[in-house]
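One-letter residues, chain by chain:
4 protein chains.
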Amino acid sequence: MALKTEDQYRDSLRSMRPNVHKFGELIEDVTTHPATKNTIEGHASLFRSQHDEKLSQIVTTVSHITGEPISRYLSIIRSAEDMIANCLMKRFAFQLTGTCTGGRCVGWTALNSMFVTTFDCDKHLGTAYHLRFLEWLKNAQGRDITIAGALTDPKGDRTKKPSQQEDPDMNLRIVEKRDDGIVVRGAKVMICGVAAANEIFVLPGSAYGEQDKDYAVSFIIPRDIENLTIVEATHPSDGREGQRGFDIPNTCGGITQAYLFFEDVFIPNERVFMAGEYQFTKSAVFNFVAPYRSAIGGCVAGQGDIKIGAAILTARANGLSAKAFRDKLSQMYVNNETTFGLGIAASALGQKHPSGAWLPNMLLANVNKVHVATLPYETSRLAQDIAGGIGETGCMPSAVDFASDEYGHLIKKYMKAAASGEARARAARLVEWSTVGAGVPGCMHGGGSPDGAKLFIHALSGLEDKVELARRLAGINEEIPEPQKK
Amino acid sequence: MALKTEDQYRDSLRSMRPNVHKFGELIEDVTTHPATKNTIEGHASLFRSQHDEKLSQIVTTVSHITGEPISRYLSIIRSAEDMIANCLMKRFAFQLTGTCTGGRCVGWTALNSMFVTTFDCDKHLGTAYHLRFLEWLKNAQGRDITIAGALTDPKGDRTKKPSQQEDPDMNLRIVEKRDDGIVVRGAKVMICGVAAANEIFVLPGSAYGEQDKDYAVSFIIPRDIENLTIVEATHPSDGREGQRGFDIPNTCGGITQAYLFFEDVFIPNERVFMAGEYQFTKSAVFNFVAPYRSAIGGCVAGQGDIKIGAAILTARANGLSAKAFRDKLSQMYVNNETTFGLGIAASALGQKHPSGAWLPNMLLANVNKVHVATLPYETSRLAQDIAGGIGETGCMPSAVDFASDEYGHLIKKYMKAAASGEARARAARLVEWSTVGAGVPGCMHGGGSPDGAKLFIHALSGLEDKVELARRLAGINEEIPEPQKK
Amino acid sequence: MALKTEDQYRDSLRSMRPNVHKFGELIEDVTTHPATKNTIEGHASLFRSQHDEKLSQIVTTVSHITGEPISRYLSIIRSAEDMIANCLMKRFAFQLTGTCTGGRCVGWTALNSMFVTTFDCDKHLGTAYHLRFLEWLKNAQGRDITIAGALTDPKGDRTKKPSQQEDPDMNLRIVEKRDDGIVVRGAKVMICGVAAANEIFVLPGSAYGEQDKDYAVSFIIPRDIENLTIVEATHPSDGREGQRGFDIPNTCGGITQAYLFFEDVFIPNERVFMAGEYQFTKSAVFNFVAPYRSAIGGCVAGQGDIKIGAAILTARANGLSAKAFRDKLSQMYVNNETTFGLGIAASALGQKHPSGAWLPNMLLANVNKVHVATLPYETSRLAQDIAGGIGETGCMPSAVDFASDEYGHLIKKYMKAAASGEARARAARLVEWSTVGAGVPGCMHGGGSPDGAKLFIHALSGLEDKVELARRLAGINEEIPEPQKK
Amino acid sequence: MALKTEDQYRDSLRSMRPNVHKFGELIEDVTTHPATKNTIEGHASLFRSQHDEKLSQIVTTVSHITGEPISRYLSIIRSAEDMIANCLMKRFAFQLTGTCTGGRCVGWTALNSMFVTTFDCDKHLGTAYHLRFLEWLKNAQGRDITIAGALTDPKGDRTKKPSQQEDPDMNLRIVEKRDDGIVVRGAKVMICGVAAANEIFVLPGSAYGEQDKDYAVSFIIPRDIENLTIVEATHPSDGREGQRGFDIPNTCGGITQAYLFFEDVFIPNERVFMAGEYQFTKSAVFNFVAPYRSAIGGCVAGQGDIKIGAAILTARANGLSAKAFRDKLSQMYVNNETTFGLGIAASALGQKHPSGAWLPNMLLANVNKVHVATLPYETSRLAQDIAGGIGETGCMPSAVDFASDEYGHLIKKYMKAAASGEARARAARLVEWSTVGAGVPGCMHGGGSPDGAKLFIHALSGLEDKVELARRLAGINEEIPEPQKK
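Protein chains in written order, with the working numbering: chain A, 3 to 488; chain B, 3 to 488; chain C, 3 to 488; chain D, 3 to 488.
Just chain A, same shape as in the assembly:
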């Protein structure tokens, strides 16, 4: 079938069993329901881009299996160039949709992780997952499907391992192994873009030891599989998504994050890529982390592009020149390019894996994660600073009030400045939406917390080498060891 059109994509979602809920209600058609429509429009625009001469170079590539053109989101990252293209596509996707298209990139990263992990697992344990994975992948490329990725378990009491929890379901686990497949129980939480996805790629949420081998599980399922219940989480100002008008200013994209409840879901063998091989859970997580934390710098740069644009648009609508904000803009540009650039650097300094995959630099990827957890907050603050009071918290009458017969004319009269009242309000709403509203993605903790990233940074920074450097330069001959606890 090759590359789907946006309509084919929407049709593929409409043909699925409804199992997504929000605000206590089952969503019959995710493509039209206000809680999910915007994110699906965002994902649809990626399909539209596949058929645009210029943009297709960004969002498509060639399958290393079949040689056919495929969505880049279904490709294996095999070189620094591929990984750099990942960073670039993520920035582009934000610019296109104004926000996260999480129904694609997490799944993509997950499948790249399992490409490497199944290769290594087979090599060391004599399993046969890699070929099974390639079969599935080839088929998935042919179907041009959209894949969400799911790692995070509820975890319960964080001081205990999965098998030690009072309730053993607090991490997703295999409750039965059958000849033809496995049965899993538990949940995956805060999963991005599920409503926009055809399938969901599941990975273990952490590195596990032998006592937790039932939790060592990876597989791919249709989103509407039996016994899977999905509840969409809230996000800022989502109460406005049911309203008419422009209080949610951007309809080119949106974010959803779901809770997935697995009540004994059966997965056939051909879709299972790990089932008990706890020795490779660490590999699955690490091979996810490195590309994910590299490329997320592109995401927040794209997001920063929107904040910059929205802030200056509002300032101009207020009658102020961009020149008045040079210093703030400098800082915003620097923040943007820092996260973007560190992703590029992690890509460039990666290395080739025997499977043919390209593994980005783990230290730089995690350094990037630390910036991703801080710099966008400063960029948001500066956007609100530039935009003024109406942008700071969206302190304007609602779109419904703009339309009031009784006093709407007063709002329009007094909101007018260097642009019409509505244009000015829309610009300010975009600042609000992208800094304190429904457009704010969960990038700080998504893909792991900054404190987790710092653990990697400590492990990889080579402190003792630096200490030895200093000792040599200072001409110190005696040993100065780390003091021992008594």
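Check each hint, because a few of them may be wrong.
Since the list gives no way to pick out one identical chain from another, each pair is judged satisfied if it fits inside one copy or across any two copies.
[Stated by the list, open to error] Only pairs whose alpha carbons sit at most 30 Å apart, straight line, appear in this in silico DSBU-like list of lysine-lysine:
hint, residue 1, residue 2
1, Lys163, Lys415
2, Lys215, Lys163
3, Lys125, Lys354
4, Lys39, Lys414
Calculated from the structure, these hints are not laboratory results.
Just so it is clear, the structure is predicted and the values come from calculations on it, not from any experiment.
With the hints as your guide, set chains B, C and D onto chain A.
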């Protein structure tokens, strides 16, 4: 009548003409409508505190006019101690209500500004405003009313003065002077706490010259005065305020910010404190700015107290110890005490005005404003960092979903950690609410923008004195003047 | 004798036994030796100020013992106003001398600490130190002496208490108690302004328990007491102090920090204020810390004033307008006033001690210390940014080269810009001197490290109160305790 | 001759005419004089590395002209990999020498710039510089020479162009064109590593227009050419370089920055690469800036490695564990890898020039420059924080005092902690040296100021594209142009 009870306060609001709107609808009873109920509960708790033995020391003082006990919000600030008590009360009010009680402090600051300004105006121009003001104040103290304050005009094209605007109404102005009063037209925008107020104190929005003397106007009006239409602005996640459940976790307080449209409102003379004396518009603004920017440091410190508490509560509900976050907590404490402390410093280094008022230090007040526009953002980021993914953007199923017959049990099962699912969700909601939700006040631009504060800082920092110091210390005898433009 | 003149002060130093060394050499006359002359000139200017009509209001006050005019540095701080005057004087002293006059303020803080500590000690242990202290103080005020203060011990292995050290001398201790006095052995290190002092006030370096009671010792000694050997530490670019010319651009002041070696020094009883009362070592340290960490904010603000002046002077000498650096100047002003202001706040929110002393607010004092350890570094960076390459590291030919017969004319020709080559070089040297040169004081660790300050902040910030606030606001009824270690 | 040994290198310097001065004195032998010895030892160690099996891979490459092995510092950067190798080598060189080896990298960048610029100039103006350049380069590679680079002119009054200056010599200029060469007059200032260089590559200091065509000049000269007078600038604590002992703790490397005075220096044609082609001055500067500002991130990362090592070494010598400083170390690691990584990113996102050269990404290079001007200051502060008071400003007795017969034993006794007194002092001296001493390079303004970098960032960040993005996303149809000045 002395000090009102909270019920008397609610009654006073219920007895007023409905003229507040939101989402296209007239609010019949502000004390019960979901859009205004929370802020009124917050203000009511201040009245409750007046009758608490311990708390009354914070929120009440003695009238310098009558010697009677009065609300501190209706007092004249006459000493460093009074001004410090202002900072302390603001921090307390945030702790009590979780947020801003803007229907009191802006009005309070406004009346203090006009206490000084009418004194000076009378002295220089021979007017008789000060006594009129004192008469009104004595009466207001007796009635124990709640007073919002209104400064900000819509402004229109920011490159033009009020009288040069295409539409002369873009700043509030006197359209008619009668024997018994004045008629005003225009708007005041982003006015905090109007729904919770009995009266509104209006000040000029800027310093004006003679050609703009019609805009030099200050007065006090009942909130429900004829020809005044009020529309409440949106704030983050306000769509949830109509819902049941705990998605808006805090019901002890709330924020509203309104747009006030004056369609030829008549104000009787006894409530007018400036009507054309453009020479004192600057004084009115400056005498507002200094105490406001000093005491707002107490506000954001109180807000920071909530963020710290909510973040650690969530972390513990996640099963994590506060000890894991020592460094982040240090930073949050330092941010908090910095804004609080600079307000205290501005109070302590103030000076006595001939009218008897105490004027805080203008340089330190404005330095504080710059911190107020930055540090709370960092504190919010750290709160989200500590609280984890569920706190970052409130990424949890809604309270409605918690209550679902069909799958509510799954949510409760999987949200449970070191606390019940609901308690954990409530804690995380408070992090969301106070950092990216309905509890976020507009402190960056409220009371003037940080860029405005920097203008004061430049004017007051004495650059040339510092340059002379340096020249003397460096032993330079020749003059090194500022280069001249050619 | 009342208030000394600067000549009387210099004479008092010249009359002392030489016991100060630097670079392997005994300094015969500290008032003329290049290593100590500048700091003595700085201290002398404080004596000059005592006799200036305007400045005497800053540097003198009235003795609460005798009612006579005395140096403020010899006064007891008895009110918020006194403490604020401390902050102001410290800022002034930096402006006057370009740097630290550490031979006065540490001793002053030390004597204030022992005023309180002897009072409490007498009350609880029945000792009779307070009166003895007052006798000494009255006499010291009469003699108008300059007093350095000494707290920091060498400490040896930081994981062991004083009495557990391999070498028991690693903290200063009483080795003999006689009827007429005590004999002490050990060292005090990094002591500021000793060369400029007549006497040295010694305090315990930490809070000690009973096993370390020999280390609980406080006394005052003449700087030239028998068996005391003093070695001045190096400071940046001190190799230039012997050179002629303006490579050390400022001769109005300077810093010294000394190592004091006590080889069985005898101290007569009338100068001993603690000798074994380990229970009050904590008090001695705490009562030192609070005023010291409050007022040091004034120091670094004064230092910031110099950096601002020097940077702009250099920029103008380069031909650039101060206007080009508005944003950097804003940041520098804010940094300055933040440390200054927090000192004022700590002063204002202090409390009266039964002895009559005023104790500043401990939380705010320690918050200030954290800023003191960070903000001046940013101010220095900005000064170098403004001043350009010649200011950054003083990248200019030396004053000796300026004077070269052979090529000095080339240097003068090419260093000339909007000011003469020498004036431009002097301005840039002052930037270097105050940011990376001999004028940089050790404020980060002086008076205790920022990590030590954070311990106080954690202890005083009331975390559990904030958590309770949050729990109440979020409507959580269940207890969510701090997780216990297993 | 291929790759020189370190002895051959030292010999090459000894054979040159003495024309370098410092402190008013002519330096007869730069390889032994204390003012220049350390930098020459640093440069010598690069020659030593050429002959080390492992290190030669870092510091050598293959000539694209001859196919012979050459110093990487004499190579043309022809690919992303070459440019990445530049960043890596710069970090390595800092680790090897503890500081900057500026006698190599600036010259290298300069020759790469002129490789491109001569190519473009020939193409557009029909000149024949490129072949001449290649001839010289081939020869230089064969001789394995060390080349300093010189761009910065004294500039005089910064508000005037070169030809408008009162003194036309304030920028280096051609005063005579002869058949066989040109004669130049003027100066180049703050030139790094000249004492360690065999030759000096001169570039125009800025982009010039036609009226300043005499200032459009580029050439390469022997360091000891007739009529060139060199004066070394001071740097922090350089007065200690004459002393014995370890007060300058690192003797593996050092920095020098010189002022070069050209008093009518004749340069033969074969060494002239620009002489009046003002149209290509911009190109010369831009093609220098991009690689320089990319790779300098590697420098400051290497410098950060030293600071981290020195700080932890000192902490351990103090008896403290590195674990106590995890949070500070995190920040230092992040700072380090940020500048390093952004250089890698700029390298990776570069593009091929028709000449065969690789041009790094200009936006990312300049973003890096902004970080280079800020992050190292924070790393220095943290190093001083970790190291304690003795590291902060090197507050210890001098090495001469350590050796005192009279009291040296006291210093050693009391400086001892978890390491011997001398080892502890050496470690702390390395902190001082690298953060506030002679090891601090002028990276903020070297290669252009951060404000200059921001001009590039503004020009390259595509503000209008971002504004258009925002306008589309917000659904605004009307134009909102930049307000026009009236």
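Here is what the structure says about each hint:
| no. | hint | in the structure |
| --- | --- | --- |
| 1 | Lys163 x Lys415 | between (61 Å within a copy, 17 Å between copies) |
| 2 | Lys215 x Lys163 | within (11 Å within a copy, 48 Å between copies) |
| 3 | Lys125 x Lys354 | within (17 Å within a copy, 41 Å between copies) |
| 4 | Lys39 x Lys414 | both (29 Å within a copy, 27 Å between copies) |
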